[in-house]
Amino acid sequence: MSAAPLLRVEGLKKHFPFGKGILFARILGHIKAVDDVSFEIEAGKTLGLVGESGCGKTTTSRMILNLEEPTEGRILLDDEPIHDLQGAALRAYRAKVQAVFQDPWSSLNPRMKVGRIIAESLIVNGWGDAAKVAARVRELLLQVGLRPEQAEQYPHEFSGGQRQRVALAAALASRPRLIVLDEPVSALDVSIRAQMMNLLKDIQAQDNVAYLLVAHDLATVRHMADHTVVMYLGKVVEKAPTAALFADVRHPYTKALFSAVLVASPVGQQEEIELRGEVPSPLNPPSGCRFHTRCPYVMPRCSQQEPALREVSPGHTVACHLFDATSP
Amino acid sequence: MSDTPSGDTVLEVRDLHTHFFLRRGVVKAVDGVSFSLKRGEVLGLVGESGCGKSLTALSLMRLLPKGGARTIKGEVLLGGENLLERTPAEMRAIRGRRLSMVLQDPQTSLNPVFTVGDQLREAIERRRKGASLAEIMKEAVAALRRVEIAAPEQRIGQYPHQMSGGMKQRVVGAIAISGEPEVLIADEPTTALDVTIQLQYLKLLKRLQAENGMAILFITHDFGVVGRMCDRVAVMYAGRIVECGPVKQIFEAPSHPYTRALIASVPKMTGTVGRLTTIEGQPPSLMDLPKGCRFASRCGLVEQRCLDAYPATVQVGEAHTADCWKVSPS
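Top to bottom, those sequences are chains A and B. The numbers in this note's numbering rise by one with no breaks, and the one at position 299 of the first sequence is 301. The numbers in this note's numbering rise by one with no breaks, and the one at position 216 of the second sequence is 248.
If you are wondering where the hints come from, they were derived from the structure by calculation, not from laboratory data. Take these hints with a grain of salt, some might be off.
Unchecked claim - Okay, the calculated beta carbon distance ranges per label pair: (1) B:166 to A:312: 54 to 62 Å; (2) A:312 to B:165: 29 to 37 Å; (3) B:58 to A:105: 29 to 37 Å.
None of the values given here were measured: they were computed from a predicted structure. Beta carbons: idealized from backbone N, C-alpha and C, even for Gly.
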């Protein structure tokens, strides 16, 4: 990596206190939702963040959106820390980092016309007079494959796929550098998913916008992301360029995730690692490697010592004791 | 499809029509659906939102949503008897014992204010009138053990909120199969589950099926799940089954242009990463269906005859049919 990355996440932690009682609340412990996560996103590239429910991928994305303060660690956009931003600086950050969420039924205000939803961030950021805003809204609707006159319609008049296009247009309005895409296609029908994924790629090519793609579907990540980070119970377990990861999966958890992908074919099912049990509670995560309770390759030291991320091939890092012996 | 059900056909649906009668007009949500299900077989019913796959299932169960939905035509033959002619009381005896259903969201199919044991008891009690509470509870524990819930003796006293999504879906499964039904309808049972939990659940369903030989109608939108679970698959579009055949044939040589486009638009785990194939346009409105082929407006192969009349069902292979003017019979 030669150029400085657009976004840098360094040692990010988020611990939520949990307790008992309301008036005289006692804190009983902390849920370590995100625990020491680091990665980088380059300008105009896509980073895929993969994992199951409760792995911390959404909490991580919320911290990047500056909706949640990290307990420890920091996030830098263009080498500037994003914490403690206020007033105009915070608004400028929000213009640069936007989001599209999973559910297009709940992410659009049902009482606003679509044109107004898209114009909202332009108005907040003082884009210009009404005519300029209207011109930009028209441009955005065309860019996401809708008709300019649809600005006068309400969200309920649109299908799921079209609503997701509206959400994307609203995110693109302020010309962001980074868009957090939190499961952007998982609520859409199969045939509509492909349209949305193609559109996202076209827009990235045109506008050089970077994406943080939070997703659980590995095939989607394979088609969209340049780099992939796999998380389990708040930790990064594997991180690699997407092509390298899909060619050579290393971590047992990632292997299990891959073998749980159901291929649309009746033949060619590869070896399946069926994980026993469920993800342990983040309230009381297992000692050592957090995956050791479900890992088919568990060794004695896995429950005692936490594995560090180490490089197994250029750019491909894995946190697993199986790779302790192999030096990079 | 033959007219007379063969010996091991447990469920046969013939020309089912379920419409919504609204003030604005008639929504033809299920409009001429026919299929059959053999003992021990898994038939996948695949399609996108609004194609009528869930309403087909509810029509079989005779549990139509309130608000003008009526089954106006067709037959649902379970072991030869037409369920559409049964009285509500007779249907109550059939549901859960001969025909059972698992829904998508375990959060809403379990009652939050009763323990898991109470809800299992309700299902078992109806079947085993006069059994003592101890006997029923023993059976409930056994039912939980069958769906591989660890420590069932403790779990039986717990409420749904104390369980994870995967475990709740197992409980729903335990209730559904406690009556040893001949046919289980599973409506997207794993959509709300994580991928590793989904795989566990599908394997469990397969094991249970191998044990008691029930037939499963598996409703899904995910071709990956079809590949893992099903023997045959029926593809639905705008209220009708447009293609039906063995899974291997549908994946390797789909006949209907819609099936082909649908399979092509799924991102793959292997091969080159390129632009995905898309299906442009939208399905037709179910209130105003075209007289011709319902996929014609989005089909790349469309001709005049596609717009003029609905295509006849063509036999394209052994037990493989497609409704399309452009396919030739085998």
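* Checking against the hints above, which ones are violated? -> 2
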